[in-house]
Every structure is written in C-alpha cells, then in structure tokens.
Amino acid sequence: MLTYVARRLLLLIPTLFFVALITFGLAHAAPGSPFDKNPDRPLPQATIERLERLYGVDRPVPEQFALYLGNLLRFDLGSSLVKDRSVADIIGSQFPVSAQLGLQALFLALAVALPLGVISALRQNTAVDYGSMALATVGTTIPSFVIAIFAIYVFAVNLKLIPIVGWGTPKHMILPTLILSLGAMAFLTRITRASMLEAIRQDYVRTARGKGLSEQMVIVGHALKNAMIPVATIIGPATAGLITGSFIIETLFSVPGLGREFVVSIVRRDYPVIMGVYLLYAFLIAVANLTVDILYGVLDPRIRVR
Amino acid sequence: MGHLRSVVALVLTGAFVLAACQGQGPTTTNPITQIGEGQPDPNGALTTNLGSEPDTIDPHKASFVGEIAVVMSVFEGLMTLDPKTLRPVPAAAAKEPEISSDQKSWKFTLRDGLKFSDGTPLTARDFERGFMRTCDPRTAGDYAFVLYIVAGCEKWNTMDVRKASASALDAAKKAVGINALDERTIQFDLIEPAAYFGSIAYMWVGMPVKQESLDKGGERWTEPATYIGNGPFRLTSWKHNESMVFERNDGYWRGAPKLKKWTRQMLNEGAVAFAAYRNNELDVLGVAAEDLRSVESDNELKGQMQDVPGSCTYYIGFNATRPPMDDPNVRLAFARSFDRDQYVKEIQKIGAAANGGFIPPGIPGYDKDDAAQRFDPAAAKASLAKSKYASAPELRNVKFTYASNARTKTRVEWLQQQWKQNLGLEVVPDPVDSTAYTQLVKKLETTPLMFILGWCADFPDQQNWLTTVFHSTTTVAKTGWKNEKYDALVRQADRESDKARRDALYQEASRMLSAEAPAAWLYYVTGKILIKPWVKGVTTTALDSILSQFRLWEVYVTKHS
Amino acid sequence: MREQRSLWQDALHRLVRNRAAMAGVAVIVLAAILAIFAPLVAPYDPTDVFTNGGRQAPTLADPFFGDQRYSDPRYLLGTDQIGRDILSRLIWGARVSMLVGFVPVALIFLVGAGVGMLAGYHGGWVDQLLMRVTDVIYAFPDLLFLLIIMATLRSTPLGDLMGGLILIFAGIAIVNWVGMARLVRGQVLSLKEKEFIEAARATGVPARRIMVRHLFPNALAPVIVSIAFGIPSAMLGEATLSFIGIGIRPPTATWGVMINEGYQVFSSSPWPVLLPAICIGIVMLSFTFLGDGLRDALDPRMKL
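Those protein sequences? They're chains Z, Y and F, same order as listed. Under this note's numbering, the first residue of the first sequence carries the number 1, and numbering increases by one thereafter. Under this note's numbering, the first residue of the second sequence carries the number 1, and numbering increases by one thereafter. Under this note's numbering, the first residue of the third sequence carries the number 1, and numbering increases by one thereafter.
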C-alpha cells in the first residue's frame with residue numbers, strides 16, 4: 001500500500017510538469033501584452049517594449065519557462081506583472097476565502113444529501129423519493145449562475161433579506177455557499193441513494209436479515225457503512241471541484257476569492273499569477289484524485305481481503 | 001416517476017419566474033427619515049464603489065482612475081486645481097511658484113508646519129523623493145512621461161536597468177533637474193519653457209513619500225501600516241478584493257475634513273452595484289447607459305441623478321497617409337456629414353455632441369465656437385466635389401474598422417447610414433477582435449483607414465491635447481497627419497509664458513486642426529451619477545477620479561436612519 | 001448475431017415506454033428543427049437593432065405582469081436592452097447551442113472511443129501512454145482548462161474561424177475526450193476476455209474486425225449514456241464561458257451570451273435573462289431525461 005502511494009506521489013511531479021508546460025504555452029500563445037492594461041489610454045509601443053524588457057517578458061518563451069521552473073524549485077512564484085503584489089501574497093490572501101467557501105458548500109451539501117439520499121433509498125418510489133430526485137435533477141441541469149442571479153434578485157433586491165455587498169458574516173456567506181453547494185448536493189444525493197440501494201440488495205444484508213436481527217440494526221450496521229464507501233471516496237474530488245470551480249459564484253456575489261482573481265489574470269495576461277494559481281489547483285485535484293484510490297483501498301473490505 | 005420529476009422541476013422554475021416578476025414595476029428604495037436637515041453628522045460615513053481592486057496605489061505607479069482616486073485622497077501635491085477653472089492653485093506650496101526669467105526654472109516654497117498624517121514633519125526632501133521616484137526607471141510607472149519636461153528625467157527613465165552599469169545609472173540620476181534646496185524649497189529645471197508645469201505639479205506623480213515608509217514597508221509599503229500621506233484622509237484598512245476604508249486626517253492643514261469615514265467597496269459587476277445602491281448599501285453610483293431607463297422611470301431615483309462633466313473626447317480617426325484619406329477635403333466631407341446631436345440622442349444616450357473642437361467642455365481650451373466640423377450636408381458634398389477623388393473608386397467601400405462588440409457595432413452602423421444618406425457613399429463596417437484592434441492602431445503601417453478612438457486629459461491644459469495627440473511626432477494617435485504650420489504653432493504655444501497669448505495661439509491651432517480634420521470629433525464624454533439625498537458638500541469637476549476630488553474635505557453626510 | 005438484435009430491440013422498447021425520456025426527445029427534436037430552419041422561422045435577424053425599442057416586455061406576458069407602456073406586439077417575446085428581438089435571438093441561439101452540444105461530443109466520441117479501443121485491445125505501451133496522458137489531463141480542473149484555452153486562443157486566427165465556434169468545439173473536445181477513452185478502454189478490457197472474443201480470435205478473425213464487429217457493439221451501452229450526458233455538459237460549458245464573456249464572440253447570439261448581456265439589466269427587467277435561461281434549462285432537462293431513460297433501457301440493473 002505504502003509503495004503504491006509513494007509511487008503515485010512521485011508520478012505527481014511529471015504530471016505537474018506537463019500541466020505547467022501546457023499552461024505556460026497557452027498563456028503565452030495569446031497575443032497582447034500584460035503591460036497594455038488600460039484600454040482608454042494605450043501606451044506607446046516603445047514604453048511597452050521597455051516594460052517587457054524590464055520584467056523579462058521579451059525573452060524567448062522556452063527561456064522564460066526554464067527561468068520559471070528554476071524559480072519554482074526555490075519556491076519562488078514570482079510577482080504579478082499587473083499588480084503591485086507577489087503571487088504568493090495574492091494566493092495567500094485570496095485562497096483561504098475560496099477554501100472557506102468550498103468547504104462550507106461541501107458541508108452543506110453533505111448535510112442535506114446524505115440523509116436525503118438514504119431516506120430516498122429506504123422509501124423508494126414514494127413522494128420523498130420523487131421530490132428529492134426532482135431537486136437533484138434541477139440542481140444539475142439549471143446552470144448555477146442562473147439560479148444565482150435570481151437568488152440575488154429575489155433575496156437581496158426584493159426581499160432585502162441579505163446584504164449584497166461584502167463578505168465575512170454569515171448573512172453575507174449564506175447565499176453564495178448555498179448556490180455553490182447545489183450542484184454537489186444534487187450529485188451526492190443521487191450517489192448516496194444509488195449506493196444505498198445497491199447496499200440494501202447485497203447478499204450479505206440478506207444473510208444478516210436471515211439471522212433474525214431487527215430491521216433497524218440491519219440497515220445501520222451493514223448497509224449504511226458499505227453504502228458510504230463510494231460516497232467517501234468521491235469527497236476528495238468533490239471538495240477539490242468546489243474549491244476550484246467557484247469562480248462564477250465569486251464573480252456574481254463579489255466574493256474576494258481566488259477563482260475570480262484567476263479569471264481576471266487570464267484576461268489580463270498576468271502570466272505569473274496564471275501559472276501560480278493553475279499549478280495550485282492542479283496539485284489539489286491530483287491529490288484529491290489520489291485520495292480516491294487510497295480510500296478505496298482502505299475502506300472497501302472486498303479489496304482489503306485481497 | 002419521470003412525470004412527477006418534470007412537473008416538480010417546472011413548478012420550481014415557475015416559482016422563480018413569479019418571484020422575479022414581483023419587481024416589474026417601478027421599485028423604490030427604503031424610505032429614509034432625515035434628522036436635522038442639513039447638519040453635518042460629525043461621525044458621518046460615506047460608502048462608494050471603487051470598481052475592481054486597484055493594481056497598485058503607489059502614487060508614482062498609479063495609472064487607472066480607481067488608483068488615482070485612492071492616491072488623491074491620501075496625498076496632496078505642491079499644487080491642486082481650482083474646481084471652477086481647473087487652473088493650478090497652491091496646495092502644499094505656500095504661494096505661486098517663482099519662475100526664472102528664462103522660464104526654465106521653477107521654485108516652490110512649502111507652507112509652514114506641514115505634517116504627514118502620522119504627525120511627522122513634511123519637508124521639501126519628501127517631495128524631491130516623490131518626483132525622483134517617478135523618474136526612476138526601476139519604478140516603471142505609466143505616467144513618468146509627464147515629467148519628461150524636467151531636465152534629465154527622460155534619459156534616466158528610459159535606461160535599461162538590466163544592461164546599464166551602476167555608475168551610469170547613478171550619473172543619470174544626479175543629472176535630473178529636481179532638487180530640494182532646503183527643508184522648505186524645491187526647484188525644478190526644465191528643458192524648455194513650459195507654462196503647464198503648474199498643472200503637472202498637482203498630479204499623483206509628484207506626491208511626497210516618507211523614506212521610512214519605503215524602508216519599513218519595502219515592496220508592501222502601500223499596505224495601510226506604512227501608506228502615510230499628507231492628504232485629507234488616511235487609509236486605515238485594505239481588505240484585498242473587498243473594500244478599503246479611509247478615515248479623516250485630523251492633522252490636515254486645512255482642518256479636519258467633515259467626513260469621518262469613507263468606505264470604498266470593490267464591486268466590478270455593474271448590475272450588483274446598482275442593486276446595492278437601491279439597497280442603501282452604496283451612497284453614490286455612476287449610472288451605466290443600460291440602467292438609464294430604470295432610473296428615469298423611477299421618480300425617486302430620477303430625482304437623485306446628476307450630470308457630471310467628463311474629460312474625454314471620442315473621435316473617428318482617419319489614416320491620412322492612405323487614399324482617399326490623404327485629401328483633407330475628403331476627411332472634412334466625412335466629418336461634416338453626420339448629425340452629432342442626433343447621434344447623442346439616439347445612440348450614445350449619455351454624452352454630449354462634439355460640436356466644438358477637439359478639447360471638451362470643462363478643460364481649458366474648449367472652443368465652443370469652432371464650427372469647422374459642424375453638421376452641414378451641403379458643405380460636405382461641396383468639399384467632396386473639390387477633392388481629386390471626387391468620383392474615384394477609392395471613395396467607394398471605405399472600410400471602417402472597430403473593436404467588435406454590440407455597442408460599437410450599433411454606433412458604426414448608424415454612422416454608415418448617415419454617410420449613405422448625406423454623402424451618398426457606402427462605408428463598410430470592419431469588426432475585429434478588441435485585442436487585435438488595440439495592436440492595429442498602434443503603428444502607422446497597420447492603422448485602419450477609418451477607426452474610433454478616445455483621448456482623456458492627463459492634466460488640464462491644451463498642451464496635453466493639441467501637442468501630445470496631434471503634433472506630428474505624437475506617440476499616441478497614429479493618423480499620420482503632418483502639418484508644419486500646426487507643428488510650429490503648438491510648439492510656440494508650449495513655450496509661451498504669457499497666458500493670454502498662449503491661449504490665443506492654442507486656439508488658432510485648434511481651429512486649424514478641426515479644419516484639416518485628421519479626425520472627426522464624435523462626442524464628449526459626460527456622465528450621470530446617483531447620489532443619496534443625505535450626501536452633501538459635493539463639488540464636481542470634469543477631472544474627478546473620485547467624488548468631489550478637488551474639495552474632498554468639504555463632503556459631509558447628514559444624519560439619517 | 002441474433003443475441004445483439006434482441007438486446008437493441010429490447011432496449012428500444014423500454015425507452016419508448018419511459019415517458020419522461022420521450023418528452024425529452026420531443027423537445028430535442030423541436031429544438032433541432034428550430035435550429036436547422038432558423039432563417040425561415042425567426043421573425044427578424046438576430047442582430048437587427050430597433051433603436052426606439054430597448055427592453056420591451058414580452059407581449060405574451062402582458063395580461064399577467066408587465067408595463068403596458070413598454071410592449072410592442074411586433075416583438076412577441078420582447079426586446080433586449082439594445083433593442084434586438086428576443087424571440088429571433090432565441091431561435092438562432094438554439095442553432096449554436098445545438099451545434100455546441102453535438103459537434104464536440106461527436107469529436108469526443110470519435111477520438112476518445114478510437115484511442116480507448118486501441119489502448120484496451122492492444123495493451124502494452126499504447127495503454128501505458130494513454131494512462132499517463134489521461135493522468136495529466138485529469139489533473140486539469142475541467143472548466144478552468146476550457147477557460148484558459150478559450151481566453152488565450154480566441155484572439156488568435158484560430159479563434160476567428162466561424163466566429164469562435166471552431167475554437168470552442170476543439171476546446172470542449174480536448175478537455176473531455178479522456179473520459180470517453182477511459183470508459184471505452186475499461187469496457188474493452190472487461191470484454192476482451194469473454195468467450196466469444198476468444199473464439200473469434202481462435203478462428204483467425206483479424207484484429208480490426210474483432211474490434212468493429214464484436215467489441216464495439218457490446219461496449220456501446222455506457223458510451224451512449226455518456227454521450228447523452230455529455231451533450232448538456234458541453235452546452236453548459238459554453239453557456240458558462242459566454243456568461244463571463246470568454247465564449248463565443250458577438251454578434252453571434254447564443255443562450256449563454258444572451259444571459260451575459262441580459263444580466264446587466266436584470267434588476268430592472270428580468271426577461272433578457274429569464275428567457276434564455278429557461279431555454280437552456282428545458283433543453284438540458286430533456287437531455288438528462290433522455291440520458292436517464294437510455295441508461296435504464298440499456299441496463300436495467302444500473303438504476304441510479
């Protein structure tokens with residue numbers, strides 16, 4: 001087991017290298033200079049070229065990439081070309097916000113999806129089941145930004161229940177967290193329900209019932225535990241997905257997170273920020289994917305028996 | 001099973017629709033009671049929107065409106081501008097500068113007892129440090145070019161920091177004509193007479209800075225702890241991407257400002273900002289053209305809307321080196337054959353018709369009687385007839401290139417229709433990607449035959465418009481137009497020290513410019529803002545990057561619940 | 001051979017009896033017809049601007065809500081904030097949205113299934129290579145990868161082709177093909193060892209024939225389901241990117257672009273946002289029902 005994990009971790013390095021290579025290449029393939037930032041006041045070409053020389057952006061792309069990798073090995077992520085801050089600074093102040101938003105959304109999603117999924121499985125084909133499946137369908141088909149727009153309109157503008165501006169207090173955080181969690185909530189409900197249904201039908205549950213235990217204990221003792229395995233394994237990727245995929249919500253609700261920052265940096269060709277954020281996200285996702293395999297190995301009794 | 005699912009989903013959607021349509025009619029904001037009408041609240045707090053997070057608030061690197069807004073609240077320069085005339089008047093300086101007889105040396109004397117907001121004394125050396133920092137090639141600020149009129153600044157600023165030797169850089173630095181003669185006097189040596197230098201002395205490029213701030217803060221000196229200035233407000237908190245909070249500087253030399261606290265939010269979604277204003281979470285808001293209809297249909301909002309002047313002119317540029325635009329008759333014909341008033345009314349909605357010259361109203365040099373380009377289809381046709389291209393094929397299907405977006409498309413198509421109607425000429429709209437467009441208009445070889453661009457004032461003086469933009473050595477607008485008489489005229493005006501004579505020379509040049517029409521003036525930018533009724537003491541000017549920029553200390557709010 | 005035919009017939013029977021799925025099919029077919037015949041069906045050109053009419057309310061909604069002052073019977077669903085007819089834009093938008101749904105998924109299928117089948121059948125270094133490549137691509141956050149491709153390449157000549165459509169087709173395909181490849185590979189691996197394949201190999205049937213006539217039809221079931229869910233996912237991707245402004249270029253109307261433009265005025269007039277959002281929702285819902293139906297029909301044990 002340990003060797004497997006170690007090998008996967010080592011494989012992370014070439015993976016991240018290629019991620020960096022592709023991202024760097026794409027970012028530099030775009031025309032336009034990061035220094036031509038003010039569309040109302042275009043700088044003369046000579047000034048732009050001078051700035052590019054100053055920041056080393058005029059060098060050939062492969063050379064820039066090599067330099068970047070060198071700095072990376074020394075844990076130096078560089079400075080933003082557009083803002084007056086270092087990349088580490090930007091990530092350090094914005095990432096915790098995205099992380100908080102993502103984790104809150106995850107907890108909310110689990111808190112609703114798990115009980116809902118289990119109950120739906122137990123009461124299959126009843127009103128509760130239909131209701132939760134309908135909600136799950138809506139959660140995955142209507143784009144989250146559409147729901148967000150209407151939520152802002154209804155709750156903030158019309159009903160004036162929550163403030164529009166700001167971040168930090170529960171009042172500010174409830175709506176973005178809720179909307180972000182909808183997709184995961186829907187997905188997790190379906191998975192929970194499906195794996196619960198699967199677990200109930202397993203042979204060993206039948207055997208346990210045959211032994212004469214009461215229905216309750218059968219469910220709690222066996223089915224639930226095994227039903228949670230598929231769910232537990234995808235928590236990693238789900239969390240990573242929530243943290244890295246929140247840029248739309250952040251933009252709409254003016255949440256000062258990393259996702260919004262990232263979109264802006266792409267449009268403005270701020271190469272160091274693009275690279276820094278992207279590598280961070282890729283690392284998170286790779287680690288999350290790794291946890292899936294590890295957890296499967298640890299939790300699934302059938303595999304352990306191997 | 002599928003039945004019920006789809007029904008539930010539709011019902012949910014329907015619920016949203018109903019809820020959304022609640023707000024269909026005119027909506028009003030919360031009714032607010034005003035206590036003690038007109039009395040400033042000594043603990044008054046104002047909340048405005050800064051837009052997106054500023055890239056930098058370092059005064060010697062600032063270039064965007066939002067960045068300049070922060071700098072001008074926390075710092076104050078040697079001079080400031082009179083809100084009515086936009087001419088420079090002393091601020092940190094005790095009196096008007098002393099100018100030498102050859103017009104090339106300017107000496108400023110500071111007031112007594114000036115202090116930074118932390119109580120430490122402010123001296124001429126702090127100003128010297130600030131100006132030098134702008135010229136420093138390592139700072140790489142966008143507005144350094146404004147100081148190129150000072151001896152040695154351009155040479156130092158354009159050196160390649162990586163290649164030049166330390167001694168060469170040092171020598172260039174010493175040769176710059178900015179010197180603090182003592183604690184209270186600072187002298188600037190210019191490369192030639194320049195009457196507009198007083199206007200430059202108000203700008204953010206000349207803000208003083210403490211050595212201690214730079215030393216202690218290093219790269220992060222712009223964080224609140226070390227961002228110490230001498231202006232009416234102090235920056236007390238900066239939550240990145242979220243908000244900035246300013247509080248009054250009790251030691252400000254004009255006396256403590258009336259406002260105690262000023263919060264600036266960072267909302268870059270216009271729709272969200274508008275909703276926030278309605279929710280009383282913002283006290284002031286710029287009105288976007290999209291929201292104009294909603295504001296005008298709501299009586300309360302309509303009453304809170306005000307006009308503000310702007311400092312930009314948008315124009316249709318011509319490439320004067322390529323046929324048929326190399327003939328001034330053709331250019332003038334195009335310039336006189338569309339109705340600017342109708343344009344503003346139908347298409348632009350927020351803006352003013354450019355029926356004067358290049359310089360907009362509110363900026364010194366505005367010439368409302370400059371009629372050279374006024375709408376006159378008959379005169380336009382006559383111009384065209386005089387041209388050597390009168391019936392030439394080059395006149396057919398002239399391409400009008402623009403950055404592709406829905407708004408500009410509408411404008412271009414309207415103009416296309418006007419030219420067809422009034423000149424009988426077919427113009428072909430040529431949309432290109434906006435990044436590509438920015439690249440095209442930078443070089444003369446790639447500049448389109450017809451294009452749209454705007455110019456905004458860096459400082460309020462004719463030099464910044466007539467010389468900077470249209471002198472044949474311009475680095476800004478690539479019309480390729482060259483007129484030796486015009487060049488001589490504006491350069492003479494640049495060097496002239498007598499104000500009346502200077503204005504006259506510039507006006508002559510400006511009229512020549514309109515008549516030669518290397519560009520057709522389209523509209524002057526103006527704006528509309530919404531202000532809550534409890535915000536008072538506001539003085540707006542054409543150059544405001546922040547509400548009441550030149551009378552920040554006078555703004556106050558009355559008590560309201 | 002008889003075994004396969006009855007599998008498909010059986011599945012078709014089950015699908016037809018699933019009413020939600022059939023409703024979905026009906027909607028999709030309607031949308032496709034509107035999309036194909038857009039120039040004939042739409043009352044106006046989607047980029048025509050009516051300068052005196054910004055933000056009319058839909059005439060149809062008049063009796064219930066809406067300011068009578070602002071609606072004009074010429075524009076059935078009202079106009080957007082610049083003055084373009086919403087109904088026409090929705091119909092033309094259907095065209096792009098349908099294309100964005102089908103074309104990339106077709107590409108994903110061709111490339112992904114092809115590669116997956118090769119990797120699964122041949123094994124060895126082809127398989128290893130595929131696994132490593134998918135590892136790299138899996139490490140990219142989906143939507144953000146698409147975002148970066150679109151944002152960086154849309155200003156290049158590549159992004160100019162067909163108003164940005166080619167780029168978004170390519171982008172969606174590049175980001176998502178690995179999922180299909182892995183799925184097909186997995187199917188092939190599990191089927192490879194089945195008896196009838198052994199039999200075919202033993203009797204000397206060439207490898208390509210084995211793949212096409214034996215492996216492929218059996219691997220198809222989950223692939224079909226994946227396609228059915230891939231289409232709305234592609235549409236959502238385009239809508240999301242267009243909403244931020246990094247998707248299709250104006251003046252092409254897509255539902256995502258309409259939501260982006262309508263968002264700016266939604267606090268005073270919800271129609272420019274609401275109508276395209278409803279369209280996206282309904283079409284995606286239809287594909288989801290169809291996908292669920294297909295999954296139930298093709299493998300009744302896989303009830304999710």
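There could be a bad hint or two in this list.
To be verified - Distance ranges between label pairs, derived from CB positions:
hint	chain 1	residue 1	chain 2	residue 2	range
1	Z	Ala46	Y	Asp102	23 to 33 Å
2	Y	Arg322	Z	Gln45	48 to 58 Å
3	Z	Gly70	F	Leu161	33 to 43 Å
4	Y	Ala171	Z	Pro96	42 to 52 Å
To be verified - Sample of chain Y residues with no beta-carbon within 10 Å of chain F, all distances over it, derived:
hint	residue
5	Lys95
6	Lys173
7	Ala406
8	Ala436
Stated by the list, open to error - Examples of chain F residues lying across from chain Z (beta carbon under 10 Å, computed):
hint	residue
9	Leu110
10	Val136
11	Pro276
Please keep in mind that the hints were generated in silico from the structure rather than gathered at the bench. Idealized CB from N, CA, C, for every residue including glycine.
Hint by hint, here is what the structure shows:
| no. | hint | verdict |
| --- | --- | --- |
| 1 | Z:Ala46 to Y:Asp102: 23 to 33 Å | holds, 30 Å |
| 2 | Y:Arg322 to Z:Gln45: 48 to 58 Å | violated, 20 Å |
| 3 | Z:Gly70 to F:Leu161: 33 to 43 Å | holds, 37 Å |
| 4 | Y:Ala171 to Z:Pro96: 42 to 52 Å | holds, 47 Å |
| 5 | Lys95 | holds, 50 Å |
| 6 | Lys173 | holds, 40 Å |
| 7 | Ala406 | violated, 5 Å |
| 8 | Ala436 | violated, 6 Å |
| 9 | Leu110 | violated, 22 Å |
| 10 | Val136 | holds, 5 Å |
| 11 | Pro276 | holds, 9 Å |
The structure fails hints 2, 7, 8 and 9 (numbered hints given earlier, in ascending order).
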